[in-house]
Amino acid sequence: MMRKVVSLLAVALIGAVLIVALAKMPEFGGGTAFASLFLFLLGLYVMLTDSNLIKKVIGLNIMDTGIFLFFIALGYRSSTRGAAYMPSPLIFGGLAAVVSFTAIGLAMIVRLYKYYGTIDAEEIMRKRGEDE
Amino acid sequence: MSHLPVVILVVYLAAALGLIPLSKLKRFSPGWGALAVTSLALLLAIVSALFVGANGPYSLFPGGHAGQGIEIAVDWVAVLMHLTINLVGLLILVFSQGDLESELKRSYLPIYYAVYLLALFALNGLIMAGDLFNLYIFTEICSIAAIALVAIKPGKQCLQAGLKYMFLSALASGMILLGIGLVYMVAGELNIRALAEAIPQAFQTCPWNVYVAVSLIIVGFGIKSALFPLHLWLPDAHASAATPSSAIHSGLIIKMYIIAVARIIFQAFGPNLFGSIPAPKVILLLSTIGIFAGSVLALVQTDLKRMLAYSTVAQISYIIMGFALAVPAGIRGGLLHIVNHGLTKSMLFLTAGAIIYKTGIRRIEELRGIGFRMPLTTSIFSIGALSLIGFPGFSGFVSKYYLAFGALEAGKPIYVAVILASSLLNAVYYLPIVIRAFLGHKTGKFTWDQLPWPMTAAMTVLAAFNLYIGILPGGLLGLVKLAAAALLP
Numbered sequence: 001m002m003r004k005v006v007s008l009l010a011v012a013l014i015g016a017v018l019i020v021a022l023a024k025m026p027e028f029g030g031g032t033a034f035a036s037l038f039l040f041l042l043g044l045y046v047m048l049t050d051s052n053l054i055k056k057v058i059g060l061n062i063m064d065t066g067i068f069l070f071f072i073a074l075g076y077r078s079s080t081r082g083a084a085y086m087p088s089p090l091i092f093g094g095l096a097a098v099v100s101f102t103a104i105g106l107a108m109i110v111r112l113y114k115y116y117g118t119i120d121a122e123e124i125m126r127k128r129g130e131d132e
Numbered sequence: 001m002s003h004l005p006v007v008i009l010v011v012y013l014a015a016a017l018g019l020i021p022l023s024k025l026k027r028f029s030p031g032w033g034a035l036a037v038t039s040l041a042l043l044l045a046i047v048s049a050l051f052v053g054a055n056g057p058y059s060l061f062p063g064g065h066a067g068q069g070i071e072i073a074v075d076w077v078a079v080l081m082h083l084t085i086n087l088v089g090l091l092i093l094v095f096s097q098g099d100l101e102s103e104l105k106r107s108y109l110p111i112y113y114a115v116y117l118l119a120l121f122a123l124n125g126l127i128m129a130g131d132l133f134n135l136y137i138f139t140e141i142c143s144i145a146a147i148a149l150v151a152i153k154p155g156k157q158c159l160q161a162g163l164k165y166m167f168l169s170a171l172a173s174g175m176i177l178l179g180i181g182l183v184y185m186v187a188g189e190l191n192i193r194a195l196a197e198a199i200p201q202a203f204q205t206c207p208w209n210v211y212v213a214v215s216l217i218i219v220g221f222g223i224k225s226a227l228f229p230l231h232l233w234l235p236d237a238h239a240s241a242a243t244p245s246s247a248i249h250s251g252l253i254i255k256m257y258i259i260a261v262a263r264i265i266f267q268a269f270g271p272n273l274f275g276s277i278p279a280p281k282v283i284l285l286l287s288t289i290g291i292f293a294g295s296v297l298a299l300v301q302t303d304l305k306r307m308l309a310y311s312t313v314a315q316i317s318y319i320i321m322g323f324a325l326a327v328p329a330g331i332r333g334g335l336l337h338i339v340n341h342g343l344t345k346s347m348l349f350l351t352a353g354a355i356i357y358k359t360g361i362r363r364i365e366e367l368r369g370i371g372f373r374m375p376l377t378t379s380i381f382s383i384g385a386l387s388l389i390g391f392p393g394f395s396g397f398v399s400k401y402y403l404a405f406g407a408l409e410a411g412k413p414i415y416v417a418v419i420l421a422s423s424l425l426n427a428v429y430y431l432p433i434v435i436r437a438f439l440g441h442k443t444g445k446f447t448w449d450q451l452p453w454p455m456t457a458a459m460t461v462l463a464a465f466n467l468y469i470g471i472l473p474g475g476l477l478g479l480v481k482l483a484a485a486a487l488l489p
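Residue numbers (our numbering), protein chains in the order written: chain A, 1 to 132; chain B, 1 to 489.
Take these hints with a grain of salt, some might be off.
Claimed, not checked - Per label pair, the in silico range of CB-to-CB distance: (1) Ser107(B) x Ala96(A): 42 to 48 angstroms; (2) Pro207(B) x Asp131(A): 28 to 34 angstroms; (3) Ala464(B) x Leu106(A): 40 to 46 angstroms; (4) Leu106(A) x Thr205(B): 41 to 47 angstroms.
These are computed hints drawn from the structure, not numbers from a lab. Yeah, the Cβ is synthetic: ideal placement off N, Cα and C, and Gly gets one too.
Throw the hints in and build the complete structure from the sequences for me.
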């Protein structure tokens, strides 16, 4: 419970700073960018608080999707300045990274399940405590 | 000749991809194959360094537009780090010829070597990335290879450590990407040179955006390079991984992220902007806490590898402190400590691995009298311990001397006191091991180490480099001065 409150506060703080930073930019009115930041924060919160390891991985994916959407929102804005070619390779790179992180993470979770018979992080910690 | 650094990358990538299919051949040993590739890369790095020495630093623009887009910057930082990475990487690989079969399943060996080469590939690319896109991609490849190097060893502990590392590393990657996005949003550029021109104006129009981008990038790379409160993944990962993985992690990987973030901060954002925001003060404070907390936590550990891992937390804080001082002498100290600690800590992890290989001892208390059973290994451990304490005549002294000099140059003499006090703390946890190993109760009679020759050779060569840098630091210092000037003119 304590952990959830602390995480919520941390995420809210990061969100407030990001929104303040974006809102102070001239000619920034993109609802897409705000929506993408909301996704980023949602994913971050799930990743920090949920004890189910698979849900943590889902949170990670939501977080990164938020970042990609943020880039797309920027690409739309900057297309008027003729510099829209750069975000797409960066998103490709980011996508490849997230897919790899997800793959390696899920592989490790499968093997952990074989050892402990659960994918709940707290349960694993408890069983590990009993082992020692 | 000017394309040599790219050839290094191509060689590593091709070898990493080809190693697994090739290992199906009966007569092909993946370990010696990887060793041959790394030796070739070291040779290429030396030739490339001589070329840069003769013709001066240069940049390659694969996109075809000089000054913008993708850039491969072959400056003195890249030369210095190329030599360090390929030398240390080669020696760890030599060691693993003797050690790895005792730690991994035989069928995993080709995969291990392929991932190891992939990590070296990413490290070599990361330190000469001249634009944020390349830098991000190589950071990701390096992170994923690093996670695989931890998680590949069978056992619950490695899996848990790897999973923790994976989540924190992925979080850090997200932050770095968001930071790069925010920079791109205001500056419209990703090339570091172009950014250096575009950022001052962007800072005028939307300072908040730049603040947030700098903090996201620093926190992201801080997680990956284990800046103090963000080091949570490090002790588990470094202590549980296979010996060569621990050595490359502590010795190379976490430090090259610091080079990457130093490039972004000093070359793109510029030292003036960095000095005008509170970031350096916060980083200096955190690294000071990290130096003491890492040392104190190392002091209470009972497991040898875990103690070395916490010692890495303390030592990495020295490097970060040197860079955060943002004066030439501090950066020289930081770069020197990257090289020295890279050589020393990988050597210490290898000696710990050799002790575990031979005797199975992991607990520090049981090391009493180990100097009589493994005299050479224990002597090499002592050289590393004295170097990290900063004993005059050993390599750690040279870098700590420059760090202290940097603190004076920056007008912050308090950090000289920090360095002195923490050296004392280092002595408190390293010296008892050495003293007990040689002067503790004599158990059994005196024997030589009797290790496989690749392990002995790798440790001896690392020790020789350590002694050489400690006694004759002149050549390295010349290189470091040029590299520091490339980061902070």
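Inset, instruction - Output the numbers, in ascending order, of every earlier hint that fails for this structure. - result: Violated hints (numbers, rising): 1 and 2; every other hint is consistent with the structure.
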